[in-house]
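Make the full structure from the sequences, and use the hints.
Chains A and B are the protein sequences, given in the same order. So for the first sequence, the numbering used here puts the first residue at 1; every next one is plus one. So for the second sequence, the numbering used here puts the first residue at 1; every next one is plus one.
No lab work stands behind these hints, which were simulated from the structure alone. Among these hints, one or two may not hold up.
[What the hints assert, rightly or not] Here are the computed distance ranges between Cβ atoms for each label pair:
hint, chain 1, residue 1, chain 2, residue 2, range
1, A, V150, B, W36, 42 to 48 Å
2, B, P34, A, V71, 29 to 35 Å
3, A, L99, B, S67, 50 to 56 Å
4, A, V125, B, Q104, 41 to 47 Å
5, A, T3, B, G62, 47 to 53 Å
6, A, L153, B, L8, 20 to 26 Å
7, B, L64, A, F121, 34 to 40 Å
8, B, W36, A, L206, 48 to 54 Å
9, A, K229, B, Q104, 46 to 52 Å
10, A, F121, B, Q104, 37 to 43 Å
This one's a predicted model, so the numbers in the text were calculated from it and none came from an experiment. Glycine is no exception: its CB is placed at the ideal position from the N, C-alpha and C atoms.
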Amino acid sequence: MKTIGHDFISGARDSLPILLGVVPFAMICSVVAVSVGLTPFEAIGMNLIVFAGASQLAVLQLMGEGTVWLVMVLTAWVINLRFTMYSATLAPYLQKEPLHRKAPFAYMLSDQAFGVTMSRFANEVPANPAWYFSGSAAMIWITWNASAVVGALLGTLVPESWGLDFAFPLSFMALMFAALKDRPAVIAALVGGLSAILAKGLPYNLGLVLAALLGIGAGVLAENISNKKTGAVTQ
Amino acid sequence: MNGLSIWLLFIALALGTFALRFSFIYLFGKVDMPDWLRRALRFVPASVLAALVFPALTYPNGALDLSLGNVRLLAGLGGALVAWKTKNVLWTIAVGMILLWILQVFL
Chain A
1 MKTIGHDFIS GARDSLPILL GVVPFAMICS VVAVSVGLTP FEAIGMNLIV FAGASQLAVL
61 QLMGEGTVWL VMVLTAWVIN LRFTMYSATL APYLQKEPLH RKAPFAYMLS DQAFGVTMSR
121 FANEVPANPA WYFSGSAAMI WITWNASAVV GALLGTLVPE SWGLDFAFPL SFMALMFAAL
181 KDRPAVIAAL VGGLSAILAK GLPYNLGLVL AALLGIGAGV LAENISNKKT GAVTQ
Chain B
1 MNGLSIWLLF IALALGTFAL RFSFIYLFGK VDMPDWLRRA LRFVPASVLA ALVFPALTYP
61 NGALDLSLGN VRLLAGLGGA LVAWKTKNVL WTIAVGMILL WILQVFL
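Structure below.
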């Protein structure tokens with residue numbers, strides 16, 4: 001039986017490669033915040049308490065356009081609906097933990113921590129899965145907020161022409177390919193990705209959520225069809 | 001926006017986002033997850049990650065661009081090849097970023 005500390009460190013260590021995507025994206029979230037008129041302190045505070053980059057960028061863009069408060073809040077919530085799916089997927093692994101640990105673990109839940117954790121669990125579930133997850137989540141949280149501080153202080157010094165935000169889709173791409181374990185998963189990714197392109201024009205970034213749901217539906221459907229063909233019993 | 005309304009906005013964003021993150025972690029065991037939901041969740045990573053990646057490559061400046069002049073699409077396809085072969089985040093970012101910078105010089 002491996003110790004709690006071992007699994008925590010193992011989660012943190014497995015997250016090291018993805019930090020290359022986390023650092024520039026967190027910095028960009030701060031740089032953009034300062035560029036739309038927030039103080040460095042406000043930019044750092046936003047990263048610290050919201051800690052959800054994609055929704056922050058959407059809100060900052062809307063803020064720069066002078067959008068009403070309610071639309072900004074709803075936009076962020078809609079973009080972050082995906083966290084309920086992550087939450088449900090991780091829930092069985094966190095059940096042994098008391099509420100005072102579940103709450104901070106949930107607060108630290110990020111796309112990257114979810115991706116790292118689930119790609120590990122797909123191969124082998126560690127003895128203390130909650131601590132593996134929290135090791136990954138804590139490593140990403142610390143790196144994110146440290147980078148956000150640097151970004152807020154550097155402000156507009158980082159030239160936009162470097163395109164460092166491109167590290168974001170690149171890191172998700174590697175995690176996506178790791179998740180493509182069988183044909184139904186490939187179909188889920190293709191339908192999710194292509195619908196996201198088609199639905200990009202929908203207001204409030206609703207297209208992302210809609211596309212994700214369509215992709216999931218396509219995956220389930222593909223799995224049903226392949227189960228019928230092989231006569232396998234549905235689990 | 002003044003200072004106070006900005007902090008109220010951040011608090012609203014933070015509370016809603018925390019509620020979404022905490023939702024099923026908290027409800028697990030109190031509300032049984034239906035079987036169809038459990039089966040559907042298996043496809044969440046592949047579908048959501050693809051839905052984040054595809055538009056990021058095809059809408060480089062907020063407008064759909066499938067032409068050869070879209071450096072992010074070209075660099076992204078190169079990165080996808082590395083991601084597919086290696087499943088490694090580090091290599092995917094390294095190759096993708098270098099391709100982007102090279103293409104930006106030439107296109």
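Going down the list of hints, with the structure as the test:
no. : hint                        : result
1   : A:V150 - B:W36: 42 to 48 Å  : holds, 45 Å
2   : B:P34 - A:V71: 29 to 35 Å   : holds, 33 Å
3   : A:L99 - B:S67: 50 to 56 Å   : holds, 53 Å
4   : A:V125 - B:Q104: 41 to 47 Å : holds, 43 Å
5   : A:T3 - B:G62: 47 to 53 Å    : holds, 49 Å
6   : A:L153 - B:L8: 20 to 26 Å   : holds, 25 Å
7   : B:L64 - A:F121: 34 to 40 Å  : holds, 36 Å
8   : B:W36 - A:L206: 48 to 54 Å  : violated, 23 Å
9   : A:K229 - B:Q104: 46 to 52 Å : holds, 47 Å
10  : A:F121 - B:Q104: 37 to 43 Å : holds, 38 Å
Checked against the numbered hints above, the structure violates only hint 8.
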